[in-house]
Amino acid sequence: GAQKEAVAEKPLIGFITNGPYEFWTYSAAAVEILKKDLNIDVEFLLPPNGLPEEQKRFIESLVTRGVDGIGISVTDPDNVTPFLNEIMETVPMVMFDSDAPNSNRLAYVGMSNYAAGRMAGQAVKEVLPNGGEFMIIVGRLDAQNAIERRQGMIDELNGEPYVAQYPGKMTPNTPNLRLGGGKWTLLETRTDGGDQSKAKSNSEDAILKFPQMDLMVGMWSYSSPAIISAVADAGLLGKMKIIGFDMENELLQAVKDGHAYAALGQDPFTYAVRTIEILAKKARGEAVSIPADKLIDVPALKITAQNIDEVWGKYKAQLSDGNKYLEATK
Amino acid sequence: MVNELPEKYVLQVRNISKSFPGVRALNDVSFNLKVGETLALVGENGAGKSTMMKILAGVYVPDAGEIIIEGNAVSIGSVERATQFGVALVHQELNLCDNLSIAGNVFLGREPRRPHFKKIIDFDKMNKDAAEVLKKVGLNTNPSKILKELPISAQQLVEISKALSIHAKVVMFDEPTSSLSEHETEQLFNVIKDLNSHGISCIYISHRLGEVKDVADRVIVLRDGKLSGSLDKDEINRDRMIRLMVGRDIEKMYEKRHLVTDKVRLQLEDLIVPKQARFPVNLAVKGGEIVVLSGLIGAGRSELLHTIFGVDKSWGGKILLDGKEVTINKPIDAIRAGMVLVPEDRKLNGLVVNLEVDNNIALPGLCDNLSNRGFIDKKKVIELADTMVKKLDIRLFKTTQLAESLSGGNQQKVVLAKWLAMNPTLLLLDEPTRGIDVGAKAEIYKLLEDLAQLGVAILVASSELQEVLGIADRIVVMCEGRITGELDPASCSEEDIMKLATERLK
Amino acid sequence: MIKSNKMVEYVRSMKRIGGITFLLFLIILVTAIINPQFISSYNIRNILRWTGLFGLLSLGAAFVVITGGIDLSIGSVVGLIGSIAAYLMVHAQWPVWMVLIFIILLSATIGLIHGLLITKIHMQAFVVTLCGLFVYRGLARYLMDDRTQGYGTGFQNVRFLAGGRLPSAFWPAGQAPKFIQNWSIPMPFLLLIAIAVLMAIVLNKTIYGQHLKATGRNECASRFSGIHTDNVLIIAYVISSTLAGLGGLLFSLDLNTVQPSSMGNMYELYAIAGCVVGGVSLRGGDGSILGVILGTAIVRVLYNAINVAGVSTQLEQVVLGLVILIGVAADEVVRMIAAQRKVRESMILAQKALEKSKQTES
Amino acid sequence: MIKSNKMVEYVRSMKRIGGITFLLFLIILVTAIINPQFISSYNIRNILRWTGLFGLLSLGAAFVVITGGIDLSIGSVVGLIGSIAAYLMVHAQWPVWMVLIFIILLSATIGLIHGLLITKIHMQAFVVTLCGLFVYRGLARYLMDDRTQGYGTGFQNVRFLAGGRLPSAFWPAGQAPKFIQNWSIPMPFLLLIAIAVLMAIVLNKTIYGQHLKATGRNECASRFSGIHTDNVLIIAYVISSTLAGLGGLLFSLDLNTVQPSSMGNMYELYAIAGCVVGGVSLRGGDGSILGVILGTAIVRVLYNAINVAGVSTQLEQVVLGLVILIGVAADEVVRMIAAQRKVRESMILAQKALEKSKQTES
Ligand SMILES: Nc1ncnc2c1ncn2[C@@H]1O[C@H](COP(=O)(O)OP(=O)(O)OP(=O)(O)O)[C@@H](O)[C@H]1O
Ligand SMILES: Nc1ncnc2c1ncn2[C@@H]1O[C@H](COP(=O)(O)OP(=O)(O)OP(=O)(O)O)[C@@H](O)[C@H]1O
Ligand SMILES: [Mg+2]
Ligand SMILES: [Mg+2]
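Protein chains in written order, with our numbering: chain A, 1 to 330; chain B, 331 to 836; chain C, 837 to 1198; chain D, 1199 to 1560.
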């Protein structure tokens, strides 16, 4: 009884993220614009604890409501695929941010976290051209985006040939991983379970334990602000190199001030625009143009001191004045 | 009544009624209390005595009626206001905080304050004042000692000190002596007389009718929530009180019919009681014999019984039943061996107060004859409960009532019922008539008689000397965890018992 | 007399359950009006499945709560056992029956350890199971090396336990009549019902159940009554952990993905919330199995209703918290009012009796 | 006489604290041997700061635990107040003092609501604060629209509360003598000490403290003694929530960024763990402020030690759980053994006395 018979006047699209992170406020901004522009309803769902269980619950209630299409950032593609395929028998889906490549999805929008990780790896090469020691601070290591980002960095530093998609392996979290033939050392990957203050104390302890360390990498959005805070307390701002993921204000400010080397920014605003456009057209039975490989690339950005002003301005515009921004990019 | 001036009354109670869900606890009760007198309040279990006291102390609000203190109609309503009006109550059940010091308990809610910082407690003054009150009731311990370390009887003295320290105009005692022995009781009577001589009035509730005559100037009797009579000093006598309480005479409290067999049922050989009892105990109880353990507060009787019953594991020595050694690690072992214990503290150990009466009675026997392959036989449980309720004349509304809604004495009967239902061959009782009215007492003594006649061995710890002398075949006196002597009730006096009970080691 | 009494008691306990049932139907009604799809077979199926999964945890928690204790380790046990089960089947390739036996034994052992620490070393349940919460979570992460576990597309047989439905499963795939296909009951709910019936019998009809309730109300008196209170408590903790372990298995089979570091996080709170809403008193001694299931159902229905009614996910927790609060508070208030009314009635009776006796006197 | 007894009591309470202090120094010693950097001024500073921040939460929790209650909402209050504080200062641009007053009032109101529900509607603390845990978290997310809040580079004055140190702050930046710069004490720890002293006085010297302990142990007896137990309980919950709110402010100032959805998650468990390790009994009525601070310090030092000693990040929680467990269990076991030894000694003494008296008799 969950199927919709006729094409709806005002289609309902579900947009499910991988957690309640600020990152997704850019998508939320896009969603607000698209609702008006495309005359659709969008249910914007943020799993409170970022758990697969919550995503499953959301999908089920969307299906109950007769949803016309779902966009989702998949938390564990390998194992969730069968369930998603089942849903896709009646409801079309587009993956964004995190893909489920073996599912029957319409398309994948975004740049994989793996690719972003490879970009971060490049940044490490740039900031430590003669090699050095670094460590990673992250919330949970069994979260898909953490796995992919970390693996991307490792593979890049090891000089593996480039692939855009996560190849599905994971280097175990052992201390003192020698990368690039021993040029770089990943001292440790330390987790905090999503607790910001734990992230900060982990950073402090790392600074204490590894006085020779050159670089710290923050892998979740709150990780880099925690690192910056710890580095500032230790009086090492500008000395300790920092690379972070996502576009937290603290991190962007640090890049601007020269305290952090780079931020890897994805483009959640565009993720939402592309994902919802496809789903809305599909729901209205209109033609959609999707590349043969079903991959729609939305590149990530390496934000450094060179481009920070321009990029930050863009981000601010997305949030505050998204409409204009959208028109400008069209 | 008419020609007495109202000013002579410190307290007048007019037409008080009070109901609880399903019960009419008090029904139109009126009485007066003169300045400087001690009024005894007696009545059967559940007659409404405690309820009356709690109303005067501001714990309950009456449904109807009037309370007049020193000529002014007042509405009490809260404990604080009762204290302001000069009314203090020694509760029937202990109401103390065992994590505070003795002094802290005595002055709880009325702590002396520092002269300049009104929120700060003046501990020195509190300890000093407490020490004074404690001396009055004969508790010579350091008032800064934590209450937890005192035995229940000493805690009762603290509860009394608490009421005395209020410097009230009316001090009410709700069965203050139920866990006290003769020595402390006498001390308490001196305190009461001292209060009276200072113009302070007392209300005194007790089921030990013998005491009432010693302490009271006047007696009023409650029956089923109504006033059934009042006796002046010269009219006070046991039989009259009993008649007003129960509406009939009780012929004989004690009647020895049983014969002591020569089969030794329980034998303790060098039993070492853990915790404070410090000496190996040797004791034998024969079938059909009633042995009474006597002694002062904290003599270690309760602990001895607990050790025999396996509540505390003994640290050495042997327990022999019918000549065979038994190992008792847990109460269940004792129960299996045919032994039961009626504990002293019924609220804590005797009853699951918020469980129904029938389930309480059935609790120890569930594993044996009230179940079938692990499943409870509800019919048998109900039958058993009905039988026992009838047998012990437990006054209740229905057997599926929660035990806590019974009056103290009836709760005690439920404890007895639960254990007698086990048909024990050895019965251990710790203050079995604590808080029980005369009628019930007589019934319980009769029950013990019947059991003894059947050859059951009975070991009782009791602090009421009359009871000790009345029911015992043999009296064993303890002091500081040590048996100091044995006496024959036929040929000994109360003084003999007291002498052995105070034979302290230097 | 006995019969009528039984009736009265029955009605009284029903009244208590009645409140929750009313709340449940109120939520269902309101949501169904907002969105009729809420009572579609598809959605009801989902609700039943979730109720089944979380209900198992609540049932276990209920036994512990009835003893007056608490089990904060449930969520971590779910995570630990869930990941171990997947690991053993998929990576270690143990036969399914061996895995089942192993995880049951393992989770029972966890409960046994809790019970022993609580009874023999006299530690508080809160402390012991709080430590368990940390330890098992860490252990799950360590043993799995922080890797997500799952069954992929295999293990359809055992996954039937979580994803299957009856009676539609008796037909070859997809060939059951439409009606039966729509209204077949999910396995987790059937399992819940089976276990609940078993536990209701244990709680209400057996010696163990009576001992459990007595111990929960007054441990000391129970010990004096010859009850092995230690054993009673230990068994309760074993039951709780075992059901949590079973729940962990079912969750992992259902979700098909287990993140050792987060799966089951906070589930102990949901389990306890289910008990509390269902009328199990945290003071110990009181509780009914039916109540626990209804309580769990309320929490699950509420989650579903919030989503289906289109409330923002951010407000989800606010609504959940408020409904639990109001539900429990209403129960309390109703009971207070009822007690007051009863007192008033007996007061009136007493006054009447008084007047009567006065009349006869005069 | 009275004096010597005071001594005895003092020594006894010291013995209890002694156990934790010993545990604390053991952890410090072992870790310092593994990595001498552990006792560097930098690390000790960090430990003190964290102890200060978490200690505030534990102190508040302790008051509630002493009443025999529990406050599960602490973490959510930290998240709510932390994000509101940042939002008001940065986005709404309220003056700092107004924000301070507002958040203190807001968090006190939260505690007041808890207290009223618990005392007037007779709800259980566990239920009320569990609902609070859900509601405030959801509210924080809703009000902030899931956006991270932070102070950027501004607000150095108020951020001094969390990040400043004394006495080095009396010198112009960086000009304090090296020694003073190294060993200055972080503000959160100083705040903790100040509040702890205040609370120790309240608990041990004032009427309120006495009534708190009495109510925690035996509420009924306290009410019979004329104590307004309701007020006592309400104040305890107000204190707990207010300190949680203050903690939320300091955490947000220290981290400089607040994720409404996650900040403070599980902090209630850390707060209660700190109490429990510090010897506050969950049964109510017992507890010392010094113990709570030591207990919190143990948890923080342990976390730090695990990192510094190079234990794998996955085993962190295992170690934490086991140390808390062993710490509390050891305390229990030591007390059991001590009690037995004391009795044995008195047994021997008494037997000697008996023999003596027998000799004198004969
Ligand atoms: N809180 C209560 N709730 C319900 N019923 C009560 C309550 N307190 C007392 N009762 C009932 O009121 C009646 C009077 O009880 P009360 O305790 O005053 O008797 P009592 O005279 O003190 O008896 P005892 O000598 O056994 O202590 C009893 O029937 C008792 O069951
Ligand atoms: N005067 C006293 N003040 C405080 N404690 C005492 C006193 N005398 C003895 N004790 C303690 O009392 C304990 C024995 O209590 P127990 O309950 O076994 O005695 P009892 O003979 O049953 O007395 P009762 O039951 O009347 O209190 C011992 O621990 C002993 O140290
Ligand atoms: Mg009474
Ligand atoms: Mg005794």
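Hints were generated in silico from the structure; no laboratory data involved.
Note that the coordinates shown come from a computational prediction; the quantities given were computed from them, not determined experimentally.
All C-beta atoms in this analysis are idealised placements derived from N, C-alpha and C, irrespective of residue type, glycine included.
Hints may be right or wrong, so weigh each one.
Stated by the list, open to error - Facing chain D, a subset of chain A residues (Cβ under 8 Å, in silico):
(1) N39
(2) V163
(3) Q165
(4) T191
(5) E204
(6) S229
(7) D233
(8) E277
Structure-based check of all given hints:
1. N39: 24 Å, violated
2. V163: Violated. Min distance 28 Å.
3. Q165: 27 Å, violated
4. T191: 5 Å, holds
5. E204: 5 Å, holds
6. S229: Holds - the Cβ of A:S229 comes within 8 Å of chain D, reaching about 5 Å at its closest.
7. D233: 7 Å, holds
8. E277: It is violated, given that the least Cβ distance between A:E277 and chain D is near 23 Å, above 8 Å.
Against the hints set out earlier in the document, violations occur for numbers 1, 2, 3 and 8.
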